[in-house]
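Visitor: Listed here are the chains, written in short residue letters.
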Amino acid sequence: MSDDRHEDLLAQRESVREQEQEREDTPSVGARRAAAALAGVANVPGVAKPDAILVADDMSRHFGGVRAVEVEHLEIQRGTITALIGPNGAGKSTFFNLITGFDRPNSGRWSFDGRDISGAPSFRIARHGMVRTFQLTKALTRLTSLENLMLGATGQRGERLLASLLRPAWAAQEAGIRHRAEELLARFNLSHMRDEFAGTMSGGQRKLLEMARALMVQPDMILLDEPMAGVNPALTQSLLGHIETLRDEGMTIVLVEHDMDVIMSISDWVVCFAQGKVIAEGRPDDIRRDTAVIDAYLGSQRSLQEDQT
Amino acid sequence: MDVLAVLSVAVRGALGPEAAIYALAAIGLNIHFGYTGLLNFGQVGFMLVGAYGTAISVLSFDAPLWVGVLVGMACAVVLALILGIPTLRLRGDYLAIATIAAAEVLRYLYRSSFAEPVTGGVFGLVQFAGEFYAVNPYTAPLELGPLRFSERALWLMTVAWGITFLAAGLVWLLVHSPWGRVLRAVREDEDAARSLGKNVFAYKMQALVLGGVLGALAGSLLAINSQAITPDAFIPIITFYLWTIMILGGASRVLGPILGSIVFWFLLTFLDAFLRGAMSAGWIPGGLLAPSDIGAVRFAAVGLGLMLLMVFRPAGLIGNQKELRLDVR
Ligand SMILES: Nc1ncnc2c1ncn2[C@@H]1O[C@H](COP(=O)(O)OP(=O)(O)OP(=O)(O)O)[C@@H](O)[C@H]1O
Ligand SMILES: [Mg+2]
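If you're matching them up, the sequences are chains G and H in order. Reading the first sequence from the start, the letters are residues 1 to 309 in the working numbering. Reading the second sequence from the start, the letters are residues 1 to 329 in the working numbering.
Please note: incorrect hints may appear among the correct ones.
FRET-style restraints, in silico, Cβ to Cβ [unchecked claim]:
#, chain 1, residue 1, chain 2, residue 2, range
1, H, A278, G, E196, 41 to 51 Å
2, H, D191, G, Q218, 17 to 27 Å
3, H, L144, G, P168, 34 to 44 Å
Listed next, the stretches of chain H that the computed footprint assigns to chain G, with coverage defined by at least 3 CB atoms under 8 Å from CB atoms of chain G [stated by the list, open to error]:
#, segment
4, 191-201
5, 284-295
In short, the hints are calculated from the structure, not lab data. Ideal Cβ positions, reconstructed from N, Cα and C, are used throughout, including at glycine.
Extracted from the complex, chain H is given alone in its bound form (with noise of 0.2 Å):
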């Protein structure tokens, strides 16, 4: 087995797109969980109208992609406000509840056979996003010994990467004002909030709102990333999946999801390429694990490192492990 050639598939998949996408989307959710207090289990739905809503205005109406994009994030407003206004006023769990059930109603709502010539049904909508790979300015690919990310993939990581780390600004800007003091608050304890004067409620929409938009962004660039999106690609294990980078690199810090992504894709490509190239030197056993099965080991082995993370740093990688030891009184 070529251990550098397994180690560059590792790097390319944590500094590909999709990690940038991803830890995008989980910057998002930090914004609801991380600094709100917000339960979000179906973060996916915002990722999905961002995806339709980019791909819709292109293929549909013509609209630019640019354009598209800000469709995607203005259909991220509406759903935050149709989940926002019956359930913040209410017990965290009703939002949590909302949400799931949200992102799974509209993956369905998307593939129907009624909104089929809209969305394209279980096939989905192709080749949308031709403008953005005219505008790329790279022209070679770029080779660093047995790495190697071709011109296209280029141009799609500075941009992901170039908006998520906009995003993390922007976030690190509004966590340290006094707006951010209010959201913090309010993530410990409501009543005290409203006791200062504190518009909870508008506080819960705003982040809602805000971190709904980041996942609609991600959710175009996914669609941009692949050039085809289907409704089935917006399953909920991909709303866990954020919530594991989020956690793992350590809910309300600016950084996390960055990091947590990174070494989530990081490991869960390793252990793909590793698994494959043990299996084809023959050090695994063909009765032990059969090829079909590197998919499910790889997540378990993820699941398992999850699990020590959470026993020797729970509060993430670098999250503030003093801030967990608070005793609840």
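Okay, chain G solo, but in the shape it has when bound (with noise of 0.2 Å):
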């Protein structure tokens, strides 16, 4: 390795840390008015938040005799980044596929931004400005990076069949898209991948891909299913500082996540699942050191060591 790419990389490092120790050290906008409006919030499963923007009543889904999901009663506050966790199985994706419209509940009702929303089919809950993403990443392998993204922009007069054929009907609003899809691209670190099949990507890439696209939605509320999974460290720490500039930006973030450093790092809110349940919620502090946590999810060992440094 030459000097040169080596002194970049040392740069390139410093500034993470630099920005991690940013973070820590001054909490964003974003994040200091999420701790104002949750507050006064009670460390109680099913506890009502002051701004809710999703609430789901009775959700349950049973899979012949697995009960994978069984919400009594769930808010999440607007403006935050609220972090779902909990044991594997223990319902949080198939929590995210009822509430998104993929799958249909046994039971239960869920309004977003307070339109009632049951039932809804999943392209209309995403134009509601609900999105998400997929724990199995689904890239649209035989489109290129760009177009998978312009794919997400929402209201394209293109997409009509008989606009379509008119090309200077939509001309200009594309152009527009591709721009904003090659910020995005650029954002993520994929600049250099915009010409290519999707399928050519990396699992680490098409989680990547995914979010970008997911974005291109301009979602008030978006759903991400272990994001970081498979990311590499320095650009899992830019993918948390995008996250959060988007939280300060307004959006409210639901995201499932096993790494509990990340958790702990950016989550304004955590909510633990186990066998369907959600067994606590609360800020991300109280969460760690909550018995039913530790016993469900942490396990005692863990917490342990966390409470020593």
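Hints are included, so try docking the two chains, each in its own frame, into the full complex.
Guide: Shown next, in the form of structure tokens:
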């Protein structure tokens, strides 16, 4: 490796460390706003939030004898980063599927932004402003990265059959969408893959692509199912920074994540699932000490270590 | 054996109206499968309703021929809705089953004796396209060395190839638009498209209707071409020829079906003429191959060619070979 390259890397690492440091030292506007909004909220499962964007009631989904989801009541506060944690098979992904219309619950009602969307088809829920990514990525393999992103834009005139034949009717809008897609590609370090088929991308790149594509929808709320799985540390840091920026701009983010360091560093609120139920929710620091969470998810070893540090 | 004669027969086959008609129907299939990923195994059913829609309108209702063609296309819209509404929300295989069955049911329906007063039953319908030939602008046959096209053939070729290239142009415009992008996204992953707010069902329906209408138009042209149709001209094997043509040329390529059809018809007519010539010249011993076997042998040879193609150019003649090598993860 040349010296230049090495210097570069060192500088890059330094800047990442600085970013981290900065984040820990000075909470961002969004973080402060979220903390203030959630200040009076108690640490009990199903607690009401002052300004909930998503409210779910009596949601249940059974697969044969498996009670995958049994959520009595859950609210997600607007403008926060809420982390969903819980052991494998706890029902986090199934809960995502239910509220985004990709799966039908056995029972339950849920509303988004004050609008009842129980049983609405998934594409309509996405249009209302709640967009999700998938745990197993769904890259559109025979579309280029750029096309993947451009697809995400909503309200495209050229997506109507007859209008699509009239290029002048949508060319200007298309150029704007292309511009936005290129910006997002750059933000996710994917510019070099712009014209490559998404099918040629690595697993981690696909995760990034999917998240960028979801952002093209410009949703009010985004549900990320393990967005950092398989993404390298430096990029994880920059992604986390990006997610915080989105929150600071007012977007609501719900993410499923297994990395406790990530959760502690960025989430404003944590909801812990186990065997389909919400067993605990609260601020990250409270959740780390919650006995129910330790028993079901963290394990006593882990929480002890963290208390010592 | 006259090599030049054999070749000229093959060229006539490759450029003839049938090649254009099959290309047109395959363009419809390409919208279904190549761009949207819909498994339509009953394209011949759309051709059937197009052909009969045209003939019946003219013969039973005294409608002008062009109205008949429009009626045929309208029938395809209805057929697509009937097939699509129950199946397009389900997994892809259901459409495959429904289309293959519907095409056969339609054939039996049109040949049944109770439908005979309208459809002509097994005997079919004849002489309904006089108007078309009455406006033939060609007054003399075209002769290019050993190649000879009659005025009638020229007129048919002009119209059939004209419509086919228009359809290809339409497809080009569509797939190079945001609408086409959604279509391809649906082909790749329906759930991903849904998660971005696309009404997948509506897009699949539009694709099914559009491809079906092109199939019906091909059916109308087929009827006009032969001036005689019987239900048994619309057997399932036609659908599989169309699949062969589409895959041969390259699925999800605008010109794929056109190239595929030309090559398909060239090979078919070439082998036919060649085998006949070789047999009468005594090159093939009579015990090995009887003249009645030629029809089967030429299809076997086309099948062999297709297998070789799949080995060496799996995405078809002009398909994007890179696309096909993408692994699925
Ligand atoms: N389609 C299905 N059919 C049958 N059982 C299912 C189905 N989907 C999920 N389950 C079951 O529901 C339970 C919850 O699964 P889910 O995928 O929601 O877990 P998760 O919390 O996302 O886990 P992980 O952290 O491993 O992603 C599991 O026991 C799983 O076996
Ligand atoms: Mg999961």
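Visitor: All hints, please: hold or fail.
Guide: Each hint tested on the structure:
Separated by about 50 Å at the C-beta atoms, A278 (chain H) and E196 (chain G) satisfy the suggested range of 41 to 51 Å. Taking 17 to 27 Å as the suggested C-beta distance range, the pair D191 (chain H) and Q218 (chain G) conforms, at roughly 20 Å. Look at L144 (chain H) against P168 (chain G): about 42 Å separates their beta carbons, and that is inside 34 to 44 Å. Check result for the segment 191-201 of chain H against chain G: holds, 10 residues qualifying (beta carbon to beta carbon below 8 Å, three or more required).
Coverage of the segment 284-295 of chain H by chain G is violated. Counting CB-CB distances below 8 Å, 0 residues qualify, and the rule asks for three or more.
The structure fails hint 5 only (numbered hints given earlier).
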